[in-house]
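> Okay, here's what each chain looks like letter by letter:
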Amino acid sequence: MAEAGSKSLEPGRDRRSERAAARRARALRGGAVAAVSSVVFLGGIAALILTSPGWPLVRDSFFDAEVFADSFPGIAKAFWLDVRVFLIVEVVVLVLGLIVALLRTVRAPALFPLRLLATVYVDVFRGIPVVLLVYMVGFGVPALALGETADGSRPLSWLPTEPVVLGGIALALSYGAYVAEVYRAGLNSVHRGQRDAALALGLTEAQALRHVIIPQAVRRVGPPLLNDFIALQKDVALIAIIGVTGEAFREAQIESSRIFDYTPLVAAALLYLLVTIPLARLLDRWERGRARN
Amino acid sequence: MSPAGRPVLELRGVTKAFGELEVLRGIDLEVHEHEAVALIGASGSGKSTLLRCIDLLEEIDDGDIFLDGEVITDPSVDAVSVRRRLGLVFQAYNLFPHLNVLDNVLLGLVQGHGMGRAEAERRARELLARFGLAGREGDDPDRLSGGQQQRVAIARAFATRPRALLLDEVTSALDPELVGEVLQAVRDLKVEGVTMVLATHEMSFAREVADRVCFLHEGRIVESGPAEKILSAPERPETQRFLRRLLEAGRA
Amino acid sequence: MSSLRHLSALTLAVLVALFAVACGDDGDDADVGAEETTAAVSAEDCTPEKLETVKPGVLTVATDSPAYPPYFIDDDPTNGKGFESAVAYAIAEKLGFAREDVEWTVVPFNASFAPGPKDFDFDVNQISITPKRAKQVDFSSPYYVANQAVVALKDSPVANASSLEELKDTKFGVQIGTTSLDAVEQVIQPSQEPSVFDNSNDVVTALKQEQVEAVVVDVPTAFYLTAVQVPKGKIVGQFSAPGGDEWGALLEKGSPLTDCVSWAIDSLRESGELAEIEREWISEKANAPVLE
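Chains as they are written, first to last, in my numbering: chain E, 1 to 293; chain X, 1 to 252; chain V, 1 to 292.
Bound conformation, chain E alone:
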C-alpha cells in the first residue's frame, strides 16, 4: 500500500530502529540547542554584570573569597542550630495544624467553643507577620513571666524565657495556622462519598476520619506542606532578633557589621540554599508523581 510520496519498504530495513535513531538525534539536537542557548543567555547576563562599572565594588562587598573562607566555618557551625530548630518546629507544626484543621472541620456541637477558638487562631496568626510574632513572643512572654503580685510572688514564672524556645513557639504558632488551612483544604477536598461509604460500613465519624478521610487528605496535601516547610526553614533566621545565640544568620550579621562586608551574609544564604534546593527538587518530584496518578 505505498502511497504517493512514501518510500516503499526495502527488505531488511528496520523501521523501528530508524525511528529510534531519529528520536535520539532529535533529542540530541534539542539538548544542544538548550545548552547553547543557556550558555549564551546566562553567560550574557553574567557578562553584563561582570563588566559593569559597579561590579568590582559589589564583588568586594558581597563575594570576597577571603572573607568567605574566614567566616564560613563559624557560620556553618551555627547553622546546625537552625537545622535543629526547624526540624523540631516542623514536627510541632504538622501536629498542631492537623488538630486545628480537625477542630474546624468536625461539626459536633459540644466542640463549638474549640471550633471558634481554632478559627480565631487561624485568622490571627496568619494575619500577623512572622517577624512581629517573634518579637511579641520573644519579649512579651518574659515580661509576663516577670509579673509580680502584691506579695512579690511571680505566678507566671514557669513560662519559658529561653529565646530559642520562644522563637520556636512563635514560628510554630505562625506556621501552624498556615498548615491548618492546608490540611483543611485537603480534608475538604476528599470526596463526600468517601465519608458516606465509611459511615455506611458502620464506622463512627471518628473512625471515618481516622481511617478514610485523614489518610487521603494527608496524601494530597504533601506538596503544599513541603512548600510551607521550605518557607519555615528560611524564617528560622528570624529568631535571631530576640537574642538567640549561635544562629547562622545572626553570626553572619555580627561578622558582617564587624568588617563592613556583606560576604558572610552570602555565606549564610548559601547554607540555606543547600537545604532548601534539594527539598524543592523533592517537592517537584512528588508533584510529578501525583500528577501521573
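No lab work stands behind these hints: they were computed from the structure. On a predicted model such as this, the values are computed, not experimentally measured, just so you know. Glycine is no exception: its CB is placed at the ideal position from the N, C-alpha and C atoms. It cannot be assumed that every hint is accurate.
Said to hold, decoys possible - Straight-line alpha carbon distances no greater than 20 Å define the calculated EDC-like cross-link-like pairs of lysine to aspartate or glutamate that follow:
| no. | chain 1 | residue 1 | chain 2 | residue 2 |
| --- | --- | --- | --- | --- |
| 1 | V | Lys55 | V | Asp101 |
| 2 | E | Lys234 | V | Glu278 |
| 3 | E | Lys77 | V | Glu193 |
| 4 | X | Lys229 | X | Glu35 |
| 5 | V | Lys50 | V | Asp101 |
| 6 | V | Lys171 | E | Glu162 |
| 7 | V | Lys232 | V | Glu246 |
| 8 | X | Lys190 | X | Glu228 |
| 9 | V | Lys132 | E | Glu90 |
| 10 | V | Lys232 | E | Asp151 |
| 11 | V | Lys132 | E | Asp70 |
| 12 | E | Lys234 | E | Glu90 |
| 13 | V | Lys208 | E | Glu148 |
| 14 | V | Lys50 | V | Glu100 |
| 15 | V | Lys135 | E | Glu66 |
| 16 | V | Lys135 | E | Asp70 |
| 17 | E | Lys77 | V | Glu185 |
| 18 | V | Lys154 | E | Glu148 |
| 19 | V | Lys208 | E | Glu162 |
| 20 | V | Lys234 | V | Glu166 |
| 21 | V | Lys234 | V | Asp169 |
| 22 | V | Lys94 | V | Glu210 |
| 23 | V | Lys232 | E | Glu148 |
As the list claims (entries may be wrong) - Covered, in the sense of this in silico footprint (three residues per stretch, anywhere, with C-beta under 8 Å from a C-beta of chain X), are these stretches of chain E:
| no. | region |
| --- | --- |
| 24 | 188-198 |
| 25 | 208-216 |
Knowing the structure of chain E, use the given hints to seat chains X and V on it.
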C-alpha cells in the same frame, strides 16, 4: 431472622425536603425477608435520597423508618449501630483509593464490627473470590475496571452480613459491557436470599432480580406490584408514560 | 538519554566556572585602605564652595533611626541636641556651612557601609573605627573615645562586682554592630555566649525582663540607660575596649571630604570645643568605677 410476617424494613410516611425542594412526600414501603424490591423512577424522583434516608445518611423530616420492627429514625437511636446492620452500595463505587482491594473489604469488618483480623480476612477473600476477584486482593482500586470496582464495593457492603442491602443505581456509571458482571453478582446474592432494595434505571435488571417493583413519581410511590406486572402492564398513567419514554430511549 | 544528561552537566559546569571567575579575592588591592596619611588641608580648602558635597552648598549628614539619647534627643537630629548632633553641627560650622544648610538623612546602620556611592556626606552613628572596616569606607579622625560599661539591675547578683573576673559566668546582652560584643568576648571572656540584639531598645528590654543578667554598652549609653530607661539598673563599672574604641564619622571610600572633615574634628579638639560638647552631653564619665 425476623419472625414470619414482620418486614425487615418498614417506611411510614417518610418525608424529606432539601430546603424548598420536596424530594420525598410521604413514602410507605415494606420490605420482607429475602425480598428484593426495585425502585424505579425518573432521575430526581428521590430513589437515591430514599436509600440514603434508610441508611441514616440523611435525616428525614417526617415519618418513621423501622428496621426489624424497631424505629431507627428517632434521635435517641444510635445511628452507627443501625448502619452496621445495613449495607449500601453506591453508584460511584466510593472505594477507598488509599487502601488495596482486600483492605477495602476488611475496613468495615475490623473497625466497624470489631472482627478479628484473621477471621475478617478469611471472609473477605472468600467473598472476593466468589465475585470473581481472586488474585486482585493486593491491587489498588484504580487498577480495576469499573465492573470490578463495583463488585468489590458489593463485596465490601455484603461482607458485614447486613439485614438489608441497599443498592443505589449500581450499574448506572458502568459501560454497557461491564454491566453484566455486576448483574451477575447481584443475581448471586438474590439466589442466596439477601434482602435487597435496589434503585435502578435498568428495567431488565429489575425484571430479573426484583420480586416487587415500586415506581417513584414526584416523591411518592405511585404504583407498586410484582415486577413482571408493573413492567409489562402498568396501570397508572404516570407509570405508563415513564416506561414508554424509557422504551423510546432504548432502555426498557 | 545519557547524552542529554552529559550536555546538561557540561552547561552547568560552564556556568559554575563563570561564577567562580566572578568571585574574586581582593588580594591585589591590599593597599586600598592604607591611606591613613591625611594630606595637609586648611581652612581655605574646606569651604562649602570647594567641598564636593552630594548636594552643592548643602551638608548632608546621616544617622540611623530611631536616634538614641544621649547622642540625639527626641529622635530629632535637627534640634542640635545630643552629643552627636552637636558634634555634627560643630563640624558643619567649622566647614563654613550655615545651620540651615545642614540636612539630615536616615541611613540604617547596615546600609551605611554598602558599596557604591552614598547619598550622604558623612554618617555619625557611634561607629567604631577599625582597620578592617577602614578597608571598605573612609573614617574621619576620631571624635570620641568610648569605654564600655557593664549595667545590671540593682538586685542582680553581679551588681556589686568589682572585677572582671567576677563577671565570667554572667549572661550578657549586647547590641549588634557595636564593639561591645568584641569587648565582652575579648576582655571578659564569659563562659556563656552573649545574646546579641538588633538595637539598643531590645537590649534594654532584655535587661529589664531579666532575659540577660547584665548588658554591656558604651559609657554614655550606660548613663542614659540607668538615668532614664532602667531606673532599677546601675552601672557596675567601666573598662576599656580592646585596642581602645574610637568613634569616627563614616564617609564613602575615597571621599573628597574626608580630609576636611578630619581637619574640622581636629580643630574642634584643639580648640577645646569638642571637650565642651562632651561635657555638656556626656558628663560624669569619670564617675563609673573602673573594672579590671
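> The structure should be examined with respect to each hint, and the outcome stated for every one.
Here is what the structure says about each hint:
With a CA separation close to 10 Å, the supplied pair Lys55(V) and Asp101(V) stays within the 20 Å bound. Taking the CA atoms of Lys234(E) and Glu278(V), the gap is near 44 Å; set against the 20 Å cutoff, the hint is violated. For a cut-off of 20 Å, the pair hint linking Lys77(E) to Glu193(V) stands: about 14 Å separates their Cα positions. For the proposed pair Lys229(X) and Glu35(X), the alpha carbon gap of about 16 Å is at most 20 Å, so the pair holds.
With a CA separation close to 15 Å, the supplied pair Lys50(V) and Asp101(V) stays within the 20 Å bound. The hinted pair formed by Lys171(V) and Glu162(E) meets the criterion: a straight-line CA distance of about 12 Å does not exceed 20 Å. With a C-alpha separation of about 30 Å, the suggested pairing of Lys232(V) with Glu246(V) is violated against the 20 Å cut-off. At roughly 17 Å between alpha-carbon atoms, Lys190(X) and Glu228(X) fall within 20 Å of each other, so this suggested pair holds.
Proposed proximity of Lys132(V) and Glu90(E) is contradicted: the alpha carbons are some 40 Å apart, above 20 Å. This hinted pair checks out: Lys232(V) and Asp151(E) have alpha carbons roughly 19 Å apart, not beyond 20 Å. Proposed proximity of Lys132(V) and Asp70(E) is supported: the alpha carbons are some 13 Å apart, at most 20 Å. Taking the CA atoms of Lys234(E) and Glu90(E), the gap is near 12 Å; set against the 20 Å cutoff, the hint holds.
For the given pair, Lys208(V) sits about 14 Å from Glu148(E) by alpha-carbon distance, which is consistent with the 20 Å threshold. Proposed proximity of Lys50(V) and Glu100(V) is supported: the alpha carbons are some 18 Å apart, at most 20 Å. Distance check on the hinted pair: Lys135(V) and Glu66(E) sit about 14 Å apart at the alpha-carbon level, within 20 Å; holds. Of the supplied pair hints, the one linking Lys135(V) and Asp70(E) holds, its CA atoms being roughly 16 Å apart against a limit of 20 Å.
Restraint check for Lys77(E) and Glu185(V): the C-alpha separation of about 18 Å stays at or below 20 Å, so the hint holds. Distance restraint check for Lys154(V) and Glu148(E): the Cα-Cα separation of roughly 17 Å lies within the 20 Å cut-off, and the hinted pair is therefore satisfied. Our distance criterion of 20 Å between C-alpha atoms is met by Lys208(V) and Glu162(E), whose separation comes to about 15 Å. The suggested pairing of Lys234(V) with Glu166(V) holds, with an alpha-carbon distance near 16 Å, which does not exceed 20 Å.
Only pairs whose Cα atoms come within 20 Å are accepted, and Lys234(V) paired with Asp169(V) is accepted, the gap being roughly 19 Å. Pair hint Lys94(V) plus Glu210(V) does not hold up; C-alpha atoms about 45 Å apart against a cutoff of 20 Å. At most 20 Å may separate the alpha-carbon atoms for a hinted pair to count; Lys232(V) and Glu148(E) meet this at roughly 15 Å. Under the rule that three or more residues need a Cβ within less than 8 Å of chain X, the assignment of the region 188-198 of chain E holds, with 6 such residues.
Residue count for the region 208-216 of chain E with a Cβ under 8 Å from a Cβ of chain X: 4. That meets the three needed, and the coverage hint holds.
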